[in-house]
Amino acid sequence: MSKIFGIGNDIVKISRLQSSFERHGEKFLKRAFSDKEIQTFQSLSTEDNSRKWEYLAGRWSAKESIYKAIGDQERSKLNFQNIEIFNEPNGKPYVHLLEPTKSYFKNLGIDKIHIAISHDTDYAIANVMLESFNNSNNNSNGDNK
Amino acid sequence: MIRNTFRLISNVSRPTFVSAKQSPFMSRNYGTLSEKEITDRVINIISNYDKTQGKTVTPTTTFKELGLDSLDAADILVAVEEEFGIEIPDEDADRIASTAETITYLRKTPTAK
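Here the protein sequences line up with chains W and U, keeping their order. Counted the way full-length UniProt numbering counts, the first sequence spans residues 1 to 145. Counted the way full-length UniProt numbering counts, the second sequence spans residues 1 to 113.
The hints are simulated quantities; they were obtained by calculation from the structure and are not laboratory data. Just so you know, not all the hints are guaranteed correct.
In silico negatives: residues of chain W with every beta carbon more than 10 angstroms from chain U [to be verified]:
no., residue
1, ALA32
2, THR46
3, PRO93
4, TYR94
5, GLU99
6, HIS114
7, THR121
8, GLU131
9, PHE133
Derived BS3-like pairs (lysine-lysine); straight-line CA-CA distance at most 25 angstroms [unchecked claim]:
no., chain 1, residue 1, chain 2, residue 2
10, W, LYS3, W, LYS102
11, W, LYS27, U, LYS113
12, U, LYS108, W, LYS27
13, U, LYS108, W, LYS30
14, W, LYS13, U, LYS55
15, U, LYS55, W, LYS30
16, W, LYS102, W, LYS30
17, W, LYS52, U, LYS51
18, U, LYS64, W, LYS27
19, W, LYS92, W, LYS36
20, U, LYS64, W, LYS77
21, W, LYS30, U, LYS51
22, W, LYS68, U, LYS51
23, U, LYS36, W, LYS30
24, U, LYS113, W, LYS77
25, U, LYS64, W, LYS13
26, U, LYS64, U, LYS108
27, U, LYS51, W, LYS13
28, U, LYS51, W, LYS27
29, U, LYS64, W, LYS68
30, U, LYS36, U, LYS108
Beta carbons are placed, not taken as given, at the ideal position from N, Cα and C, and that holds for glycine.
Build out the structure end to end from the sequences listed, making use of the hints.
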């Protein structure tokens with residue numbers, strides 16, 4: 001038996017991430033993205049860089065969705081860099097939590113994070129559902145596949 | 001010899017106190033920056049942000065009142081870091097949601113330039 005801990009969604013204009021990056025570069029990236037996410041971002045290369053901004057916007061939107069799904073909690077305890085969003089080989093996104101955020105989620109009783117990300121031309125959107133199990137069965141490596 | 005050694009030790013170990021009376025404005029200085037300078041520079045950063053053009057920014061304005069969201073706040077705080085030559089730890093940055101909180105943080109940061 002499990003229950004829904006919370007749901008959240010977020011939408012962001014993709015060009016805003018481009019503007020922030022162009023203004024502040026790596027400093028901005030480090031404010032919200034993990035080292036691995038930044039590496040992936042840097043490895044993405046298309047002629048107009050559009051995939052790069054989609055990538056950042058989708059992840060920002062996903063992290064904001066998680067924050068909203070948690071509800072009335074302090075943002076300072078979340079640390080966006082500790083919430084990594086990766087993709088399975090088929091493209092499906094999943095969340096990998098790093099400490100201390102991983103323990104924070106566990107203490108709140110959040111056992112699984114369901115996530116979906118989409119983008120179309122100008123906007124990226126994400127939806128999140130947080131699930132609690134009665135019998136805690138956390139994935140030891142922090143993956144929420 | 002003994003007297004010289006004692007004098008040397010006394011000079012080295014004697015603490016130097018600066019009387020607060022010598023500087024009546026001391027309590028308003030933080031690091032090398034005055035409260036007014038911090039306030040003016042913070043307001044300048046926020047006022048020049050794209051989304052706040054034409055809006056009045058005062059020392060007590062919150063980001064929400066300016067219509068700024070979390071992405072705007074992250075952007076502004078990186079601009080503050082660059083302006084003052086500091087790095088705001090993420091936990092502290094996530095607690096800052098207004099002009100006043102930005103100023104208060106900088107007042108407590110002696111490395112701010």
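Verification of the supplied hints:
1. A beta-carbon of chain U is positioned within 10 angstroms of the beta-carbon of W:ALA32; the least distance is around 6 angstroms.
2. Every CB of chain U is more than 10 angstroms from the CB of W:THR46 (nearest about 23 angstroms), matching its label as outside the interface.
3. Residue-level check passed: W:PRO93 sits 19 angstroms from the nearest beta carbon of chain U, beyond 10 angstroms.
4. No Cβ of chain U approaches the Cβ of W:TYR94 within 10 angstroms, the least distance being about 23 angstroms, so the stated non-interface status holds.
5. The claim that W:GLU99 lies off the interface holds: its Cβ sits roughly 14 angstroms from the closest Cβ of chain U, which is beyond the 10 angstroms cut-off.
6. Taking the minimum C-beta to C-beta distance to chain U, about 22 angstroms, the non-interface status of W:HIS114 holds against the 10 angstroms cut.
7. At roughly 19 angstroms from the closest C-beta of chain U, the C-beta of W:THR121 stays outside 10 angstroms, upholding its exclusion from the interface.
8. Every Cβ of chain U is farther than 10 angstroms from the Cβ of W:GLU131; the closest lies at roughly 24 angstroms, confirming the non-interface assignment.
9. Against the 10 angstroms criterion, W:PHE133 stays outside the reach of chain U, whose nearest CB is about 28 angstroms from its own CB.
10. For the given pair, W:LYS3 sits about 19 angstroms from W:LYS102 by alpha-carbon distance, which is consistent with the 25 angstroms threshold.
11. Annotation: proposed proximity of W:LYS27 to U:LYS113 holds, straight-line Cα distance about 18 angstroms (limit 25 angstroms).
12. For the hint linking U:LYS108 to W:LYS27, the alpha-carbon distance of about 22 angstroms falls within 25 angstroms, and the restraint holds.
13. Using a Cα cut-off of 25 angstroms, the hinted pair U:LYS108 and W:LYS30 holds, with the two alpha carbons roughly 23 angstroms apart.
14. Taking the CA atoms of W:LYS13 and U:LYS55, the gap is about 22 angstroms. The hint holds against a cut of 25 angstroms.
15. The straight-line distance between the Cα atoms of U:LYS55 and W:LYS30 is roughly 29 angstroms, outside the 25 angstroms bound, and the hint therefore fails.
16. Taken as a hint, the W:LYS102 and W:LYS30 pair is honoured in the structure, with Cα atoms around 19 angstroms apart against an allowance of 25 angstroms.
17. Annotation: proposed proximity of W:LYS52 to U:LYS51 holds, straight-line Cα distance about 23 angstroms (limit 25 angstroms).
18. Simply put, U:LYS64 and W:LYS27 have alpha-carbon atoms about 23 angstroms apart, close enough for the 25 angstroms limit, and the pair holds.
19. Taken as a hint, the W:LYS92 and W:LYS36 pair is honoured in the structure, with Cα atoms around 17 angstroms apart against an allowance of 25 angstroms.
20. Among the hinted pairs, U:LYS64 with W:LYS77 is consistent with the structure: their alpha-carbon atoms are about 20 angstroms apart, no more than 25 angstroms.
21. Between W:LYS30 and U:LYS51 the CA atoms are separated by roughly 23 angstroms; this keeps the pair inside 25 angstroms, and the hint holds.
22. Proposed proximity of W:LYS68 and U:LYS51 is supported: the alpha carbons are some 23 angstroms apart, at most 25 angstroms.
23. Among the hinted pairs, U:LYS36 with W:LYS30 is inconsistent with the structure: their alpha-carbon atoms are about 30 angstroms apart, more than 25 angstroms.
24. Between U:LYS113 and W:LYS77 the CA atoms are separated by roughly 28 angstroms; this puts the pair beyond 25 angstroms, and the hint is violated.
25. This hinted pair checks out: U:LYS64 and W:LYS13 have alpha carbons roughly 18 angstroms apart, not beyond 25 angstroms.
26. Our distance criterion of 25 angstroms between C-alpha atoms is met by U:LYS64 and U:LYS108, whose separation comes to about 23 angstroms.
27. Between the alpha carbons of U:LYS51 and W:LYS13 the distance comes to roughly 14 angstroms, so the proposed pair stays at or under 25 angstroms and holds.
28. At roughly 21 angstroms between alpha-carbon atoms, U:LYS51 and W:LYS27 fall within 25 angstroms of each other, so this suggested pair holds.
29. Between U:LYS64 and W:LYS68 the alpha-carbon distance is near 16 angstroms, which keeps this suggested pair within the 25 angstroms criterion.
30. A hinted pair counts as satisfied when its Cα atoms are at most 25 angstroms apart, and U:LYS36 with U:LYS108 qualifies at roughly 14 angstroms.
In terms of the numbered hints stated before, the structure departs from hints 1, 15, 23, 24, listed from lowest to highest.
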